[in-house]
Amino acid sequence: MKRFVGFVQKEFYHIFRDRRSLFILFGMPVAQIMLFGFAITNEINNVDIAILDQSQDTSTKEIISKISASEYFSILQYIKEEAEIEEVFKKGKIKAVLYFEKEFSKKLVKEHSAKVQIVTDATDPNMANTISNYINSILSHYQEEQNRSIMLDYQIIPQSKMVFNMELKSVYMFVPGVMTVILMLVSAMMTSISITREKELGTMEILLVSPLNPFQVIIGKVFPYIFLSIINAAIIVLLSIFVFHVPVNGSLFLLGLESVLFIVTSLALGILISTISATQQTAMMISLMGLMLPVILLSGFIFPISSMPVPLQVISNIVPAKWFIIIVKGIMLKGVGISMVWKETLVLLGMTLLFIGLSVRKYKIRLE
Amino acid sequence: MKEETVIKVEGLTKVFGDFIAVNNINFHVRKGEIFGFLGANGAGKTTAMKMLIGISAPSSGSANVAGFDVYTQTESIKKSIGYMSQKFALYDDLTVKENIRFFGGIYGLSKNNISLKSNLLIEELGLEKVVHSLVGSLPLGWKQKIAFSVSLLHDPKIVFLDEPTGGVDPITRRQFWEMIYKAANNGTTIFVTTHYMDEAEYCDRVSIMVDGTIEALDTPKNLKAHFGSDSMNDVFLKLART
Numbered sequence: 001m002k003r004f005v006g007f008v009q010k011e012f013y014h015i016f017r018d019r020r021s022l023f024i025l026f027g028m029p030v031a032q033i034m035l036f037g038f039a040i041t042n043e044i045n046n047v048d049i050a051i052l053d054q055s056q057d058t059s060t061k062e063i064i065s066k067i068s069a070s071e072y073f074s075i076l077q078y079i080k081e082e083a084e085i086e087e088v089f090k091k092g093k094i095k096a097v098l099y100f101e102k103e104f105s106k107k108l109v110k111e112h113s114a115k116v117q118i119v120t121d122a123t124d125p126n127m128a129n130t131i132s133n134y135i136n137s138i139l140s141h142y143q144e145e146q147n148r149s150i151m152l153d154y155q156i157i158p159q160s161k162m163v164f165n166m167e168l169k170s171v172y173m174f175v176p177g178v179m180t181v182i183l184m185l186v187s188a189m190m191t192s193i194s195i196t197r198e199k200e201l202g203t204m205e206i207l208l209v210s211p212l213n214p215f216q217v218i219i220g221k222v223f224p225y226i227f228l229s230i231i232n233a234a235i236i237v238l239l240s241i242f243v244f245h246v247p248v249n250g251s252l253f254l255l256g257l258e259s260v261l262f263i264v265t266s267l268a269l270g271i272l273i274s275t276i277s278a279t280q281q282t283a284m285m286i287s288l289m290g291l292m293l294p295v296i297l298l299s300g301f302i303f304p305i306s307s308m309p310v311p312l313q314v315i316s317n318i319v320p321a322k323w324f325i326i327i328v329k330g331i332m333l334k335g336v337g338i339s340m341v342w343k344e345t346l347v348l349l350g351m352t353l354l355f356i357g358l359s360v361r362k363y364k365i366r367l368e
Numbered sequence: 369m370k371e372e373t374v375i376k377v378e379g380l381t382k383v384f385g386d387f388i389a390v391n392n393i394n395f396h397v398r399k400g401e402i403f404g405f406l407g408a409n410g411a412g413k414t415t416a417m418k419m420l421i422g423i424s425a426p427s428s429g430s431a432n433v434a435g436f437d438v439y440t441q442t443e444s445i446k447k448s449i450g451y452m453s454q455k456f457a458l459y460d461d462l463t464v465k466e467n468i469r470f471f472g473g474i475y476g477l478s479k480n481n482i483s484l485k486s487n488l489l490i491e492e493l494g495l496e497k498v499v500h501s502l503v504g505s506l507p508l509g510w511k512q513k514i515a516f517s518v519s520l521l522h523d524p525k526i527v528f529l530d531e532p533t534g535g536v537d538p539i540t541r542r543q544f545w546e547m548i549y550k551a552a553n554n555g556t557t558i559f560v561t562t563h564y565m566d567e568a569e570y571c572d573r574v575s576i577m578v579d580g581t582i583e584a585l586d587t588p589k590n591l592k593a594h595f596g597s598d599s600m601n602d603v604f605l606k607l608a609r610t
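Chains A and B, in that order, give the protein sequences.
Note that the numbering used here numbers the first sequence so that position 168 is 168, with each residue one more than the last.
In the numbering used here, each number is its position in the second sequence, counted from 1, plus 368.
Warning: the hint list may mix true and false statements.
So the derived label-pair ranges between C-beta atoms look like this [claimed, not checked]:
(1) A:343 - B:534: 55 to 65 Å
(2) B:572 - A:230: 51 to 61 Å
(3) A:249 - B:425: 49 to 59 Å
(4) A:219 - B:572: 38 to 48 Å
(5) A:34 - B:534: 27 to 37 Å
(6) A:230 - B:553: 45 to 55 Å
(7) B:496 - A:216: 27 to 37 Å
(8) A:337 - B:523: 34 to 44 Å
(9) A:28 - B:572: 51 to 61 Å
(10) B:523 - A:34: 48 to 58 Å
(11) A:219 - B:428: 51 to 61 Å
(12) B:388 - A:216: 28 to 38 Å
Stretches of chain B that chain A covers, calculated by requiring three or more beta carbons in the stretch to come under 8 Å of a beta carbon on chain A [as the list claims (entries may be wrong)]:
(13) 481 to 488
(14) 577 to 590
No lab work stands behind these hints: they were computed from the structure.
Glycine included, every Cβ here is placed at the ideal spot set by N, Cα and C.
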């Protein structure tokens, strides 16, 4: 035990004296969560639009004032002719043009229908889609208000309610994802690098010749990272609660336990990587290409798994991050307990045991 | 005169696939002896040494190190030997003192014992001014002298040195050998591999490995007489060429 403590102390010296790894360890979680929270967003906010109003009557004015009153849009420009539409898009600042036909009010009253065209700049298709949805909803809101006095024979009034994330904040979606990426990165990449570093420097040989047994060496190398990863997980959760006001609806304790499980999964992967790579660089490349890409692309972090082609959906099942993200979303946003995430937990546990088993096997072979 | 044998190797063989790295080698090393283990690159020195220090299992044959069997008692062997490798043995990003404390710690020395020994070591090597400097900032010669002292920290019966003086200037090498002599006089057995033939002359006995087998084993004086050479360099070339 005393030997083990000395060993762990040595690991902490390594970590705290290497500015670069210290920066990766603590700078990255904060930087990433800030980036995803503030900069990268699916929401729209003050999008510049232009208006082409050929009626200029009460109805169109009311609609326009409703739109400009919303925080989503600001009207940058009024244009007069249809030909100008392409022109304003080419300049790039305007993302959408609202085009009211002639005699809008009159048609609305007499024919019970009037046309307004929403033209969006689809160079960014997601954005265009969102803008068009937002404008549509403002329009239908207006229509509803107008119809309240008139009694129709029948009327469908859709009431959509977004549960668990009523304001559709994208940061809600990113927090579980960023947490997963960070824990994976810190645990798997940092451990695999720190183990291969000893191999590269030749000190691994010295350790193997010492009375420490090989498993003590590995556990001693991994232990500090468990500790640091837990701190990281805590930083992320605190930042998301206090800076982004993401709620933790479920049990914080369960969230902690699940995080520790995922940290161990990632550490086991890190050890496995270190057994197959001889240099720090190889370890880093394998961690980045083999872990980061699947975590970002196939885990449901950014792209919903349900809209992927079937083969990719199948592959996504072997990405541990996918299961962890489901668990974190469940606990943080939906407030579910272990009874709802036990399957995912078991999958993670199984993967962890598999990785540990594989690395023990590999490690033994290497010792021979 | 009855001398204690601390390393006993009989028919030791290591096979990788169909390549025989070490082929049926035999030798004994006495307590307090400086035993030179020579051979060209790829002759099998390192493989043989790895079997003796318990990190590689032999394919066949037997070996006994410090009274323990290399098949079944590797843990006991590891406790009674010291090891310093050709690649550097200390951590560059730890201070001299931290390195001493760490290695003392993993060999299970008590705190008091570690501080006692480290003070002794620091005094002997005149390291007072650099105890709190990172090892990475010290010259290579110093590092290697410290590494050797650290490998002796737990009073091992045998110290294995794998090309300990690689890349070091002649003056430091000389000082390094003085340290080796001192350790041997205190009864520590030294098992050393080297490329420098002048260093082979400093050894009590020398074995020369060629292609996995030991081609010659005797005192440097006898070897030179036998091959009619006036230097070990010459002996080595004659053997390695045949």
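Hint check:
no.	hint	in the structure
1	A:343 - B:534: 55 to 65 Å	57 Å, holds
2	B:572 - A:230: 51 to 61 Å	55 Å, holds
3	A:249 - B:425: 49 to 59 Å	56 Å, holds
4	A:219 - B:572: 38 to 48 Å	42 Å, holds
5	A:34 - B:534: 27 to 37 Å	49 Å, violated
6	A:230 - B:553: 45 to 55 Å	52 Å, holds
7	B:496 - A:216: 27 to 37 Å	33 Å, holds
8	A:337 - B:523: 34 to 44 Å	58 Å, violated
9	A:28 - B:572: 51 to 61 Å	57 Å, holds
10	B:523 - A:34: 48 to 58 Å	55 Å, holds
11	A:219 - B:428: 51 to 61 Å	33 Å, violated
12	B:388 - A:216: 28 to 38 Å	33 Å, holds
13	481 to 488	violated (count 0)
14	577 to 590	violated (count 0)
Violated hints, in rising order: 5, 8, 11, 13, 14; the structure is consistent with all others.
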